[in-house]
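**Student:** Each chain, letter by letter, is given below.
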Amino acid sequence: MLEIFKSIQAQLNATPHLLRLGRLFSETILIDVDGEEFYLTFDKGRLDTVTPGPSRKTPWRFALRTDADALARFWQARPEPGFHDIFGLVKIGRGRIDGDILALVKNLRFFKDVMTLPRVKEMGA
Amino acid sequence: MSIEPITGRYLTVTIEGAPRRIYFEEAGQGRPVLCLHTAGADTRQWRHLLNDIEITKTNRLIAFDMPWHGKSLPPEGFQTQEYMLTTEAYIETVLAVIDGLGLDRPVLAGCSMGGRIALQLAALHPDRFSGFIAIEASDFQPAWYDIDWFHRPDAHGGEMGAALVSANISPYAPEAERWNTLWMFMQGGPGVFRGDLSFYTRDDSLIGRLGRIDTGKTPVHIIVGAYDLTCTPEDARRTADGIPGATLAVMDELGHFPMSEHPEGFRPFFADALALMPGASGNMR
Chain A
299 MLEIFKSIQA QLNATPHLLR LGRLFSETIL IDVDGEEFYL TFDKGRLDTV TPGPSRKTPW
359 RFALRTDADA LARFWQARPE PGFHDIFGLV KIGRGRIDGD ILALVKNLRF FKDVMTLPRV
419 KEMGA
Chain B
57 MSIEPITGRY LTVTIEGAPR RIYFEEAGQG RPVLCLHTAG ADTRQWRHLL NDIEITKTNR
117 LIAFDMPWHG KSLPPEGFQT QEYMLTTEAY IETVLAVIDG LGLDRPVLAG CSMGGRIALQ
177 LAALHPDRFS GFIAIEASDF QPAWYDIDWF HRPDAHGGEM GAALVSANIS PYAPEAERWN
237 TLWMFMQGGP GVFRGDLSFY TRDDSLIGRL GRIDTGKTPV HIIVGAYDLT CTPEDARRTA
297 DGIPGATLAV MDELGHFPMS EHPEGFRPFF ADALALMPGA SGNMR
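Listed in order, the protein sequences are those of chains A and B. Quick note on my numbering: the first sequence kicks off at 299 and runs consecutively. Quick note on my numbering: the second sequence kicks off at 57 and runs consecutively.
Source of the hints: derived by calculation from the structure; they are not laboratory data. Keep in mind that the hints are not guaranteed to be accurate.
[As the list claims (entries may be wrong)] A short, non-exhaustive set of chain B residues, derived as facing chain A with CB atoms under 7 Å:
no. : residue
1   : F196
2   : P198
3   : A199
4   : P209
5   : A219
6   : A282
7   : Y283
8   : L285
[Stated by the list, open to error] A few chain B residues that don't get close to chain A, going by computed Cβ distances all over 10 Å:
no. : residue
9   : Q85
10  : S222
11  : S226
[To be verified] Quick list of simulated restraints, FRET-style, between CB atoms:
no. : chain 1 : residue 1 : chain 2 : residue 2 : range
12  : B       : T143      : A       : T349      : 46 to 54 Å
13  : B       : T68       : A       : D396      : 46 to 54 Å
14  : B       : A211      : A       : P314      : 20 to 28 Å
15  : B       : A74       : A       : S305      : 35 to 43 Å
16  : A       : R417      : B       : R293      : 23 to 31 Å
17  : A       : P314      : B       : K273      : 55 to 63 Å
18  : B       : E231      : A       : D365      : 24 to 32 Å
19  : A       : A401      : B       : E138      : 22 to 30 Å
20  : B       : E110      : A       : I395      : 41 to 49 Å
21  : B       : R77       : A       : N311      : 34 to 42 Å
22  : B       : E320      : A       : A366      : 43 to 51 Å
23  : B       : D202      : A       : H315      : 38 to 46 Å
24  : A       : G397      : B       : Q137      : 31 to 39 Å
25  : A       : A312      : B       : D202      : 49 to 57 Å
Every residue, glycine too, gets a C-beta built ideally from N, C-alpha and C.
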């Protein structure tokens with residue numbers, strides 16, 4: 299899972315339009331996958347560090363808690379209904395969002411586009 | 057170079073005792089079909105069907121922008137008002153447009169909040185219509201988000217609204233149409249999406265009225281997309297079950313804005329729906 303978040307980091311930092319969308323986003327967020335923690339620290343849209351947990355000392359703005367199978371399905375080119383969006387994961391009981399939800403919503407397109415970077419690209423798409 | 061067959065004009069009607077200048081588009085001839093857009097959007101959602109010559113050969117498709125939306129202005133004095141759509145004002149608006157355009161018992165096709173009001177009209181004013189196509193429509197479901205997110209001085213409500221509703225678009229939707237659909241939300245006036253959602257997520261008065269709908273006189277066909285998180289197939293099925301004689305179609309590869317997000321995928325479902333309505337003629341498929 300760490301490799302996937304590292305690949306998100308590399309892709310994001312090489313994607314100018316996402317860096318522009320996230321230019322006001324400088325926060326640490328927590329992604330919890332089957333209880334395994336990953337702290338993603340953004341600075342003006344760039345993903346500076348991906349730090350595996352556990353950590354009780356790292357403050358985070360909001361958290362997405364889910365499981366590895368759900369993420370694998372979320373990252374398919376054409377996910378099944380419910381697995382196609384982070385709020386879909388919440389709706390079908392495979393995800394939970396905690397913390398400062400408004401901070402997420404204010405940066406919602408940026409965060410969603412970052413989270414879908416590992417999504418399998420279709421041939422010709 | 058191409059020029060589309062859609063024409064747009066303006067109609068002024070009185071709603072809630074004051075004039076409203078309403079923009080409407082139409083194409084085709086024959087049986088009138090009045091089309092209602094979703095919350096936070098406008099008539100452009102229907103443009104693919106208005107440009108469909110097989111459908112408009114025998115159907116006069118008309119779509120209008122609700123006041124505060126698209127090219128319809130808000131009422132005079134809007135600058136001190138808080139926009140909050142109500143069932144009563146929405147019904148008055150639809151009936152005023154029908155009267156203003158002189159439509160004789162049109163088919164009413166509405167999506168999302170437009171589908172909700174179509175079912176309200178099926179219960180309360182069936183004599184004014186010949187049938188109802190309710191798309192992504194249900195009796196009621198409360199918000200799974202805070203509608204106040206979409207109207208605040210420190211953030212762009214349209215951009216947040218678009219990012220939220222993208223959750224309801226199918227991964228089968230062509231990329232260009234996904235973003236054209238979201239663009240309408242990004243363009244919405246301040247507080248308008250919130251005011252629409254107030255109607256859609258807080259008024260549950262339809263629940264007690266479903267049983268009044270007489271599908272023997274005016275058929276009701278409900279269409280729902282499997283990728284719709286807001287009005288899920290379960291919500292639509294529950295609603296159809298509450299209306300004796302209502303029919304339901306589930307679209308496996310579509311979401312909450314089918315006519316806009318994936319026009320080709322939606323077209324056969326809409327043609328089937330039109331065929332179920334009184335006065336159908338010709339094969340539109």
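**Student:** Each hint should be assessed against the structure and marked as holding or not.
**Tutor:** Checked hints:
no. : hint                        : verdict
1   : F196                        : violated, 17 Å
2   : P198                        : violated, 13 Å
3   : A199                        : violated, 12 Å
4   : P209                        : violated, 12 Å
5   : A219                        : holds, 4 Å
6   : A282                        : holds, 5 Å
7   : Y283                        : holds, 5 Å
8   : L285                        : holds, 5 Å
9   : Q85                         : holds, 38 Å
10  : S222                        : violated, 7 Å
11  : S226                        : violated, 7 Å
12  : B:T143 / A:T349: 46 to 54 Å : holds, 51 Å
13  : B:T68 / A:D396: 46 to 54 Å  : holds, 50 Å
14  : B:A211 / A:P314: 20 to 28 Å : holds, 23 Å
15  : B:A74 / A:S305: 35 to 43 Å  : violated, 57 Å
16  : A:R417 / B:R293: 23 to 31 Å : holds, 30 Å
17  : A:P314 / B:K273: 55 to 63 Å : holds, 58 Å
18  : B:E231 / A:D365: 24 to 32 Å : holds, 29 Å
19  : A:A401 / B:E138: 22 to 30 Å : holds, 26 Å
20  : B:E110 / A:I395: 41 to 49 Å : holds, 44 Å
21  : B:R77 / A:N311: 34 to 42 Å  : violated, 49 Å
22  : B:E320 / A:A366: 43 to 51 Å : violated, 35 Å
23  : B:D202 / A:H315: 38 to 46 Å : violated, 28 Å
24  : A:G397 / B:Q137: 31 to 39 Å : holds, 35 Å
25  : A:A312 / B:D202: 49 to 57 Å : violated, 34 Å
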